[in-house]
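Chain by chain, the residues:
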Amino acid sequence: MSKDHIQNKVRTLRFFRDEMTQLQLADEVGVTRQTLAAIESGKYFPTLELAFRIAKVFDVTLDEVFTYDSSKDKYKKRKKSK
Amino acid sequence: MSIQLQKSIFNLATTILSIGVFLIYVFGINGDINISKMTEIQFWGSFILTMTGVLVVAKIILFILFAIFTRMVSDRKNVEDLGFVDERDKSIETKSDRYSHWIALVGFIVSMIPISMGYGVQYMFITILSFGSMATVMSDVWRIYFYSKEA
Chain A
1 MSKDHIQNKV RTLRFFRDEM TQLQLADEVG VTRQTLAAIE SGKYFPTLEL
51 AFRIAKVFDV TLDEVFTYDS SKDKYKKRKK SK
Chain B
1 MSIQLQKSIF NLATTILSIG VFLIYVFGIN GDINISKMTE IQFWGSFILT
51 MTGVLVVAKI ILFILFAIFT RMVSDRKNVE DLGFVDERDK SIETKSDRYS
101 HWIALVGFIV SMIPISMGYG VQYMFITILS FGSMATVMSD VWRIYFYSKE
151 A
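As given, the protein sequences belong to chains A and B, one line each in that order.
With my numbering as the guide, the letters of the first sequence map in order to residues 1 to 82.
With my numbering as the guide, the letters of the second sequence map in order to residues 1 to 151.
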């Protein structure tokens, strides 16, 4: 399953925050460095809670960290019951 | 290699080792097991209880040794908390446990086949134990796979 409908700017935000390391950010939001690396590379999607924590560290809104492209999102809509 | 991956590989190795050593001890070194004894439900009951106890104690001791070893070889400043689990670890644990539970469930159903065909009770227990051990091993294998895939 392709997961390119959700992108993130964590790497860029870290860069502008005085080259904050992955370990520093991971410690700040309460995860391991490996989890943060997986989020940055788009291999793991964080929970909403963790996403908010990341946004709070950079003092930005959630959509400035994570972007969602609905045209690339392939999902089945539930049929409405009559 | 991350500490989670190291832990999974260590778990896999110790599971195989503990089960292997216990089976060698029961059926090899202490091998006064004969066919008539294997058909007794009492033998299998005590076998499973002893095996569970021995494996739990062995795992605890080996994990303590692993923690000491990791602390010794790691840089003092970079010692990672072995007990720390984040949301991704929990998600990987849930996924691998779910798959291994399926193996255990299939094992239980398969174990009913020899019973329904009129074979001895030992075949049922051997099937359950084989699938149970396989489920434990596969749980660690999937953990290693998910940690490597999502690294």
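There may be inaccurate statements among the hints.
[Claimed, not checked] Selected chain A positions facing chain B (in silico; Cβ < 8 Å):
1) Gly30
2) Ala38
3) Leu50
4) Tyr68
[Unchecked claim] Restricting the straight-line Cα-Cα distance to at most 30 Å, the calculated cross-link-like pairs of lysine-lysine (DSSO-like) are:
5) Lys72(A) - Lys90(B)
6) Lys59(B) - Lys77(A)
7) Lys3(A) - Lys59(B)
8) Lys37(B) - Lys74(A)
9) Lys95(B) - Lys43(A)
10) Lys79(A) - Lys9(A)
11) Lys43(A) - Lys37(B)
12) Lys149(B) - Lys76(A)
13) Lys37(B) - Lys77(A)
14) Lys149(B) - Lys77(A)
15) Lys9(A) - Lys149(B)
16) Lys80(A) - Lys3(A)
17) Lys95(B) - Lys79(A)
18) Lys7(B) - Lys74(A)
19) Lys37(B) - Lys3(A)
20) Lys149(B) - Lys37(B)
21) Lys74(A) - Lys149(B)
22) Lys90(B) - Lys56(A)
23) Lys37(B) - Lys7(B)
24) Lys80(A) - Lys9(A)
25) Lys9(A) - Lys74(A)
26) Lys9(A) - Lys59(B)
27) Lys149(B) - Lys3(A)
28) Lys59(B) - Lys76(A)
29) Lys7(B) - Lys80(A)
30) Lys95(B) - Lys76(A)
31) Lys72(A) - Lys59(B)
32) Lys72(A) - Lys43(A)
33) Lys76(A) - Lys7(B)
34) Lys9(A) - Lys95(B)
35) Lys72(A) - Lys95(B)
36) Lys3(A) - Lys56(A)
37) Lys72(A) - Lys7(B)
38) Lys59(B) - Lys56(A)
39) Lys43(A) - Lys3(A)
Quick caveat, the hints were computed from the structure, so don't treat them as lab data.
We treat Cβ as the ideally placed atom computed from N, Cα and C, and that holds for glycine.
How the hints compare with the structure:
A hinted interface residue such as Gly30(A) counts as satisfied when its beta carbon comes closer than 8 Å to some beta carbon of chain B; here the least separation is about 7 Å, so the hint holds. A cut of 8 Å between beta carbons decides the hint on Ala38(A): the least distance to chain B is about 5 Å, and the hint holds. With a least beta-carbon distance of about 6 Å to chain B, the hint placing Leu50(A) at the interface is held under the 8 Å criterion. Below 8 Å, beta-carbon pairs count as interface contacts, and Tyr68(A) has none with chain B, the closest being about 20 Å; its hint is therefore violated.
Of the pairs offered as hints, the one joining Lys72(A) and Lys90(B) holds, with about 28 Å between alpha carbons and a cut-off of 30 Å not exceeded. Of the pairs offered as hints, the one joining Lys59(B) and Lys77(A) is violated, with about 46 Å between alpha carbons and a cut-off of 30 Å exceeded. Only pairs whose Cα atoms come within 30 Å are accepted, and Lys3(A) paired with Lys59(B) is rejected, the gap being roughly 38 Å. Of the supplied pair hints, the one linking Lys37(B) and Lys74(A) is violated, its CA atoms being roughly 59 Å apart against a limit of 30 Å.
Restraint check: the Cα-Cα separation between Lys95(B) and Lys43(A) comes to about 15 Å, which is no more than 30 Å; the hinted pair holds. For the proposed pair Lys79(A) and Lys9(A), the alpha carbon gap of about 35 Å is over 30 Å, so the pair is violated. Between Lys43(A) and Lys37(B) the CA atoms are separated by roughly 53 Å; this puts the pair beyond 30 Å, and the hint is violated. Between Lys149(B) and Lys76(A), the direct Cα distance comes to roughly 26 Å. Compliance with the 30 Å bound is thereby established for this hinted pair.
At most 30 Å may separate the alpha-carbon atoms for a hinted pair to count; Lys37(B) and Lys77(A) exceed this at roughly 59 Å. For the hint pairing Lys149(B) with Lys77(A), the CA-to-CA distance comes to about 29 Å; that is within 30 Å, so the pair holds. Between Lys9(A) and Lys149(B) the alpha-carbon distance is near 21 Å, which keeps this suggested pair within the 30 Å criterion. Between the alpha carbons of Lys80(A) and Lys3(A) the distance comes to roughly 26 Å, so the proposed pair stays at or under 30 Å and holds.
At most 30 Å may separate the alpha-carbon atoms for a hinted pair to count; Lys95(B) and Lys79(A) meet this at roughly 28 Å. Simply put, Lys7(B) and Lys74(A) have alpha-carbon atoms about 36 Å apart, too far for the 30 Å limit, and the pair is violated. Proposed proximity of Lys37(B) and Lys3(A) is contradicted: the alpha carbons are some 56 Å apart, above 30 Å. Taken as a hint, the Lys149(B) and Lys37(B) pair is broken in the structure, with Cα atoms around 46 Å apart against an allowance of 30 Å.
This hinted pair checks out: Lys74(A) and Lys149(B) have alpha carbons roughly 22 Å apart, not beyond 30 Å. A threshold of 30 Å between alpha carbons decides the hint, and for Lys90(B) with Lys56(A) the separation of about 23 Å falls inside it, so the pair holds. In summary, the hint linking Lys37(B) to Lys7(B) is not supported, as the alpha carbons are separated by about 38 Å, beyond the 30 Å threshold. Among the hinted pairs, Lys80(A) with Lys9(A) is inconsistent with the structure: their alpha-carbon atoms are about 36 Å apart, more than 30 Å.
For the hint pairing Lys9(A) with Lys74(A), the CA-to-CA distance comes to about 22 Å; that is within 30 Å, so the pair holds. Between Lys9(A) and Lys59(B), the direct Cα distance comes to roughly 42 Å. Violation of the 30 Å bound is thereby established for this hinted pair. This hinted pair checks out: Lys149(B) and Lys3(A) have alpha carbons roughly 14 Å apart, not beyond 30 Å. A threshold of 30 Å between alpha carbons decides the hint, and for Lys59(B) with Lys76(A) the separation of about 44 Å lies outside it, so the pair is violated.
Of the supplied pair hints, the one linking Lys7(B) and Lys80(A) is violated, its CA atoms being roughly 47 Å apart against a limit of 30 Å. As the CA atoms of Lys95(B) and Lys76(A) are separated by approximately 22 Å, the hinted pair is consistent with the 30 Å bound. Between Lys72(A) and Lys59(B) the CA atoms are separated by roughly 46 Å; this puts the pair beyond 30 Å, and the hint is violated. For the suggested pair Lys72(A) and Lys43(A), the alpha carbons sit about 16 Å apart, so the restraint of at most 30 Å is met.
Restraint check for Lys76(A) and Lys7(B): the C-alpha separation of about 38 Å exceeds 30 Å, so the hint is violated. For the hint linking Lys9(A) to Lys95(B), the alpha-carbon distance of about 27 Å falls within 30 Å, and the restraint holds. For the hint linking Lys72(A) to Lys95(B), the alpha-carbon distance of about 26 Å falls within 30 Å, and the restraint holds. Restraint check for Lys3(A) and Lys56(A): satisfied, since their Cα atoms lie roughly 24 Å apart, inside the 30 Å limit.
The hinted pair formed by Lys72(A) and Lys7(B) fails the criterion: a straight-line CA distance of about 37 Å is larger than 30 Å. With a C-alpha separation of about 40 Å, the suggested pair Lys59(B) and Lys56(A) falls outside the 30 Å cut-off, and the hint is violated. Of the pairs offered as hints, the one joining Lys43(A) and Lys3(A) holds, with about 8 Å between alpha carbons and a cut-off of 30 Å not exceeded.
In the structure shown, a violation is registered for the earlier hints numbered 4, 6, 7, 8, 10, 11, 13, 18, 19, 20, 23, 24, 26, 28, 29, 31, 33, 37, 38, in ascending order.
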